[in-house]
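Chains as they are written, first to last, in this note's numbering: chain A, 197 to 474; chain B, 379 to 803.
If you are wondering where the hints come from, they were derived from the structure by calculation, not from laboratory data.
It is possible that some hints are incorrect.
Simulated crosslink set (DSSO-like; lysine-lysine; CA at most 27 Å straight-line) [said to hold, decoys possible]: (1) K275/A to K445/A; (2) K552/B to K269/A; (3) K552/B to K802/B; (4) K275/A to K552/B; (5) K684/B to K660/B; (6) K445/A to K269/A; (7) K470/A to K262/A; (8) K262/A to K802/B; (9) K275/A to K262/A.
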Amino acid sequence: MSRIARRFATLRAQGRGALIPYVEACDPDYDTSLATLRGMPAAGADLIEVGVPFSDPSADGPTIQKAALRGLKGGSTMKRVLEMVRAFREGDNETPIILMGYTNPIEAYGPERFCTDAKAAGVDGLIVVDMPPEEADLLAGPAAASGLDIIRLVAPTTPDARLPVVFSGASGFVYYVSITGVTGTRTASTDELAAALPRLRRATDLPIAIGFGIRTPALAASAVRVADAAVVASALLNTLEGTLDADGKATPRTVPDVLAQLRGLADAVHAVDKTDSK
Amino acid sequence: MAKPLSHAPISCGVEKLSATDTQAGANSLRSGPDGRGRFGIFGGRFVAETLMPLLLELDAAYKAAQADPEFHRELDYYLKDYVGRPSPLWLARRMTEQLGGAKIYMKREELNHTGSHKLNNVMGQILLARRMGRTRIVAETGAGQHGVATATVCALFGMKCAIYMGATDVERQKPNVFRMRLLGAEVVPVTAGAGTLKDAMNEAMRDWVTNVHDTYFLVGTVAGPHPYPQMVRDFQSIIGVETKEQILAAEGRLPDAIVAAIGGGSNAMGIFHPFLDDPEVKLIGVEAAGCGLDSGRTAASIERGKPGVLHGNRTYLLQDDDGQITEAHSISAGLDYPGVGPEHSWLSDIGRAEYVGATDQEALDAFQLCTRTEGIIPALESAHAIAYAARIAPAMGRDQIIVINISGRGDKDIFTVAEHLGVKL
């Protein structure tokens with residue numbers, strides 16, 4: 197059983213939902229992002245998304261765009277991202293790590309070598325934003341051979357008839373992009389979420405995470421009431437950005453402030469009793 | 379199989395795909411893309427899931443329009459009476475004499491309404507958007523030619539229009555920015571990155587993904603996710619279809635070379651495509667070499683890039699070893715893009731078309747040569763094609779023929795040119 201499947205099984209047994217925070221690699225430098233990553237499990241992260249900086253994140257809003265540029269400026273390369281995961285794994289062998297990024301840096305690294313090295317570093321799953329099922333063959337073979345989960349995105353625009361296409365070859369969990377839009381902008385209403393989840397549940401038995409627009413503990417809690425996990429990215433990155441000095445460098449507040457916010461989000465998520473759900 | 383050398387009157391319609399496929403036969407180079415939107419390894423649909431259902435819908439709508447004679451009738455009408463097609467094929471006598479070699483013809487796309495080839499594609503796509511019931515158009519623009527063309531048809535059909543343009547380009551293409559605003563479009567300056575076409579493309583995609591319910595993304599070049607490269611090529615192929623008929627009427631034979639500038643590559647693809655199965659016609663795409671192919675300040679994606687994935691397709695891209703896209707540079711805002719249409723990448727790999735570079739300086743020189751010898755002020759984009767033609771023409775025989783695609787007029791560029799010539803306007 198993969199770390200991701202194990203983690204969701206444990207949470208289900210405990211009747212809890214999951215909080216999945218996001219950290220951009222090398223934002224604003226390697227040490228700060230590693231310290232944040234290392235502090236996340238104790239602050240309540242159940243799984244963690246590590247963003248792989250890309251120069252042209254065309255599905256992301258301004259917050260993640262800026263984080264990606266800071267990450268690149270901070271020296272991020274695919275090799276460096278994997279080094280960071282390996283360093284994290286030295287102290288944590290349980291918390292699943294999911295890399296989130298775009299196709300081109302993976303293609304440049306070489307899909308097979310990437311999957312082998314990512315698995316060896318301790319990565320558990322991949323979310324490739326601009327790789328829909330129609331283009332998934334680039335990674336499907338190497339990921340399966342390495343035992344990496346491919347986490348599929350599903351959107352409000354995905355019609356029911358297409359759901360089987362999206363979920364074929366999916367593993368780990370499913371990421372529901374709750375709005376039509378880019379990250380960190382609009383928030384889906386409770387009604388929209390309540391309407392969306394049943395149609396996804398009918399099409400997959402995988403756990404479902406909701407992302408895009410979840411910025412407060414209350415929103416995170418309402419997401420896990422209907423889904424299995426809430427992903428929070430832009431809200432944490434906004435906090436990080438607010439702690440940087442005038443030159444964009446990390447300050448002593450950077451890591452603690454991000455982790456404190458994460459703790460608040462995690463407490464709200466973990467207070468939701470899901471014992472009776474499903 | 380024998381090529382049908384048609385002398386039929388010039389038709390204004392886009393290439394009818396099914397007819398093309400049948401005529402071209404199994405070994406045709408004109409039958410792409412495949413069912414996945416691929417030209418060899420290039421092309422595809424690398425987009426977020428939110429957009430994927432829309433691309434499938436667009437593909438179906440485009441196929442339906444292609445098969446509908448009414449769509450072609452409507453497009454023919456607008457191309458003839460609004461765009462002003464067919465555009466002439468002009469024998470450039472003085473330039474030919476001055477260069478002292480091959481006979482030079484110019485395909486006069488700069489005479490189209492709005493001053494460039496861009497309107498051919500925009501007209502096709504706006505009619506498709508209307509068929510699909512969309513009420514709002516978003517587009518990206520570099521030099522502003524595609525933005526102006528898009529704003530123009532939005533005015534014509536009373537549709538809402540948002541044009542994303544890099545802040546750097548907004549600055550260097552002021553006349554076109556004002557033109558778009560006069561036409562009723564909202565021009566959104568994009569400050570991300572270097573503030574050029576690549577960044578405008580990212581931002582237009584973000585707008586589209588946010589407003590999918592009513593918005594049509596009107597891509598201006600033969601790049602982006604499938605079916606855009608195919609669709610834009612088909613709408614632009616009118617350039618090559620006309621050229622073929624016109625050169626046969628004038629010379630009784632096909633040209634030895636066709637030369638066109640390449641940014642994303644829509645004017646080149648448009649003039650190349652109808653000639654792909656005529657191996658005697660050399661097809662030459664001229665990329666913007668900027669300060670020189672090896673200067674590090676270039677936009678020559680095919681010559682100095684590597685295959686990669688950006689903006690929905692796999693193609694040659696200027697990028698570093700880690701797969702990060704690098705900034706392009708060209709004096710011409712319309713060529714200042716680190717990628718190129720996927721069909722060009724494929725044509726380069728299979729050797730059917732040749733891709734070369736012309737520098738900023740060569741383009742400036744060609745701009746003046748064309749202006750002084752022919753009385754035609756070309757766009758700086760087109761000046762790259764003229765520069766390369768001027769380089770090869772003297773070594774060719776007087777019985778040989780070059781066709782240059784004059785993709786746009788240069789009125790928008792006079793400020794840039796004046797600055798480089800040290801003239802204060």
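> Hey, K445/A versus K269/A, does the alpha-carbon distance stay inside 27 Å?
Replying inline: Satisfied, since the Cα-Cα distance of roughly 11 Å is no more than 27 Å.
>> Can you confirm whether the C-alpha distance between K275/A and K262/A stays at or below 27 Å?
In response: Holds, at roughly 21 Å.
> Does the alpha-carbon distance linking K262/A and K802/B stay inside the 27 Å limit?
Replying inline: Measuring from Cα to Cα gives roughly 38 Å; hence the hint is violated.
>> Against the 27 Å threshold, does the CA-CA distance of K470/A and K262/A hold or violate the hint?
In response: Violated, because 36 Å separates the two Cα atoms, which is more than 27 Å.
>> Run the distance test for K552/B versus K269/A: straight-line Cα separation, threshold 27 Å.
In response: Violated, because 32 Å separates the two Cα atoms, which is more than 27 Å.
> Does the alpha-carbon distance linking K552/B and K802/B stay inside the 27 Å limit?
Replying inline: holds, 16 Å
> Taken at face value, is the distance from the CA of K445/A to the CA of K275/A at most 27 Å?
Replying inline: Holds, because 22 Å separates the two Cα atoms, which is no more than 27 Å.
> Holds or violated: K275/A with K552/B, Cα cutoff 27 Å?
Replying inline: violated, 43 Å
> Does the alpha-carbon distance linking K684/B and K660/B stay inside the 27 Å limit?
Replying inline: Status holds; Cα separation ~24 Å.
In summary, the numbered hints that this structure violates are 2, 4, 7, 8.
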